[in-house]
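Protein chains in written order, with my numbering: chain B, 1 to 206; chain P, 207 to 388.
These are computed hints drawn from the structure, not numbers from a lab. Computed from a predicted model, the values in this text were never measured in an experiment. Just so it is clear, CB atoms sit at the ideal spot from N, CA and C, and this is done for glycine as well. Mixed in with the good hints, there may be bad ones.
Unchecked claim - DEER-style ranges, computed between Cβ atoms:
hint	chain 1	residue 1	chain 2	residue 2	range
1	B	A32	P	I367	44 to 52 Å
2	B	V53	P	K270	38 to 46 Å
3	P	S370	B	A102	51 to 59 Å
4	B	W34	P	G366	24 to 32 Å
5	B	H38	P	N276	26 to 34 Å
6	B	R46	P	D226	45 to 53 Å
7	P	D226	B	G10	48 to 56 Å
8	P	K270	B	P176	48 to 56 Å
9	B	E11	P	D226	27 to 35 Å
10	B	G75	P	D226	15 to 23 Å
As the list claims (entries may be wrong) - From the derived model, a few chain P residues whose C-beta atoms are all more than 12 Å from chain B:
hint	residue
11	G272
12	L274
13	L275
14	N276
15	W280
16	R290
17	A343
18	P350
19	E386
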Amino acid sequence: MSEAWDLPEGECARAHGMLAQFVDDELAAGQATWLRGHLEACAECRVLLAGFVEIDSELTGWGQQLGLQNPPAAGAREQLAARMASIPIRRRAVRWMPAVAAAIAAALVLAAIAPPRKAPAVNRAGNQIDAPFVEIPYLPPLDPRENSMIVRMNIRVATLIAVGYRVTADPEEIVPAPMCWWVKTDARMRCACFPASSGMEQETSL
Amino acid sequence: MADGAMANLAKSAAADQARDEALRWFDELRDPLRRYLMCTGASPADADEAVQESFLRLYQHLKKSGDLLNLRGWVFQVARNYLRDERKSARRQRSVPLDEAMERDGRLADPRGSPEHCVLGDERTRRLRAAIEKLPAEQRECMPLRASGLRYREIAAVLGINISSVGALVRRAMARLSEELA
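So here's chain P without its partners, still in its complex pose (with noise of 0.2 Å):
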């Protein structure tokens, strides 16, 4: 008996431990990922769900003892696996996929519109959006880690590989999307 309530004194504990570490990162990372999925076509509304679920996630992933290394990585995986699996589902449509967001921004021409409306209107953000669409899928990845903010290193750490691989995709992205934009 005297086990047992210190077993559970101990999962208290470290459920305590693993909320306060959630909330951390939750403070470090909610804008930058917030940000990412609005840059791979979600909605705002759709991005804080994501946020919240995700974040959800790593806090029982640690209340459970999980692996540590590059949490970052974890949670935008975690976030964009839950947007995709999100948008397959027939039973919320929420999220917009980004070609049809350009095409809805086509068609708003209130400025009192949405403020999102407001930046997908400029023509400069539409065409370099367009251009992303084009790229291949693993440099096409790269773009909107980028728009989020994170830097080069974080975004080899999201995506699992080396910063000297993300050199060379990013690289090869901005010569195509700068061969769009001229």
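This is chain B alone, in the form it adopts within the complex (with noise of 0.2 Å):
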């Protein structure tokens, strides 16, 4: 018998790939088909599977005897329910101090790594422009006669006085004031501001 189960050769081999599947009735019908054929005809793959069909039964009888005269405690599904129920869900809870601490945290490392403050920059008129003018990039209107929008800002006194504005308030002073944005034919946008305090309106361009 031995002989049979090495050295498979060709039709032998594919046959001995397939008994475990065979055994179990779960090859193809085509490949069951085959097998059968190849078994008719091939006396040595049929001693194998007998051996294999002997061994399988006694491993699966093994298996069932050991079931069948140690059954399962009684209850085991119950305690494994109640065990399940005794595991406590973890309730969500509002973890005040780990969130403060982590932005205290992150303003720390951002205060450290931030880039020195630039030299404060200076208009055309010469001023020292100690805030930078509010940065807006570059949206294309939807439509060219629809290219304008009011916008209330609070806006910086010595950013006002930087760029031209005349206004007496104190240039530390933030001041509401309305902005007229639009883009002209050149595609550059503008703006316009209105302090509340100056009366006065100047165009600047960005």
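Join the two chains into one complex using the hints; note that each chain is given alone, in its own frame.
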């Protein structure tokens, strides 16, 4: 018999590879038909299959016998369900302290890695610009006729002075100012600022 | 606050779903898993404990939305690893290695002894187990899985190899067993 187990060649090798699934009746119909045909023609493979089935039956019989003679403890399912129920579900808790600590840490890190402040810029008129004007990326309007909008913004007085407005307020003061933004035909964005305290208006371009 | 309440509600629902799913797997796999563990030499009590632990871990795995692929193989591997770790542990030694179990069976002569003894007293079964012990590791692993009642396709899933590899392993193992038992 051992010769039949060893050195499979050609069709026999193919047959040997199918035995496990054949025993489980899980071969595709075509493969099963082919294997039956081969077994009819090949005595060695028939011997092999018989040996395979015999040992396989002993194995499965052994396991079944063990299971039958050692039945599971009664109430195992209920015990399992109770143990599952005893595992607490993690509730979502508000954790202010970690959040605050994380925010402080982030602020410290940002402060440490922030680039040094640049020297103050100077505008065309030679005035120092303490705070940069508003940086707005250029976005082409959807419709050339709808290319303006008025936005109320908080502007530092120093900034207004820097771009040429004559404002008498404290330069450090921040004042609300309606600003009109529009795009002219040269596609550059411009804005006009109307500080409430000055009553003036002046156009500037970005 | 409302978000927290909703999240807790969702977690409760997920836990319920995981419990139902784990119990469904328990109903399906408990018996083959016990047989497998006993075939590897575990006592019935150890097998029961390993089964409980395995399905508890499955419940937690499902609750955490763990990987759902090949859960059958996952459960068998968890049980096998649990038993192995328990055997390694010096605190408990209720699990009995296969050779020790076989030796013990030889000493027990009372037919009214444990049910396991009745099985192991069978000469042919003892020879089969002895022959399995002599197999190379990867062939030996297939045998208790088959004895547990799994199909070869399922054994392939448990071992994480393809069906043709299982077929080759089993064929070689069967050849050796056949020679040993002849």
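Here is how each hint holds up against the structure:
| no. | hint | in the structure |
| --- | --- | --- |
| 1 | B/A32 <-> P/I367: 44 to 52 Å | violated, 23 Å |
| 2 | B/V53 <-> P/K270: 38 to 46 Å | holds, 43 Å |
| 3 | P/S370 <-> B/A102: 51 to 59 Å | holds, 53 Å |
| 4 | B/W34 <-> P/G366: 24 to 32 Å | holds, 29 Å |
| 5 | B/H38 <-> P/N276: 26 to 34 Å | holds, 32 Å |
| 6 | B/R46 <-> P/D226: 45 to 53 Å | holds, 48 Å |
| 7 | P/D226 <-> B/G10: 48 to 56 Å | holds, 51 Å |
| 8 | P/K270 <-> B/P176: 48 to 56 Å | holds, 52 Å |
| 9 | B/E11 <-> P/D226: 27 to 35 Å | violated, 49 Å |
| 10 | B/G75 <-> P/D226: 15 to 23 Å | holds, 19 Å |
| 11 | G272 | holds, 15 Å |
| 12 | L274 | holds, 18 Å |
| 13 | L275 | holds, 20 Å |
| 14 | N276 | holds, 17 Å |
| 15 | W280 | holds, 17 Å |
| 16 | R290 | holds, 19 Å |
| 17 | A343 | holds, 17 Å |
| 18 | P350 | violated, 8 Å |
| 19 | E386 | violated, 10 Å |
Hint compliance for this structure: hints 1, 9, 18, 19 are broken, all remaining hints hold.
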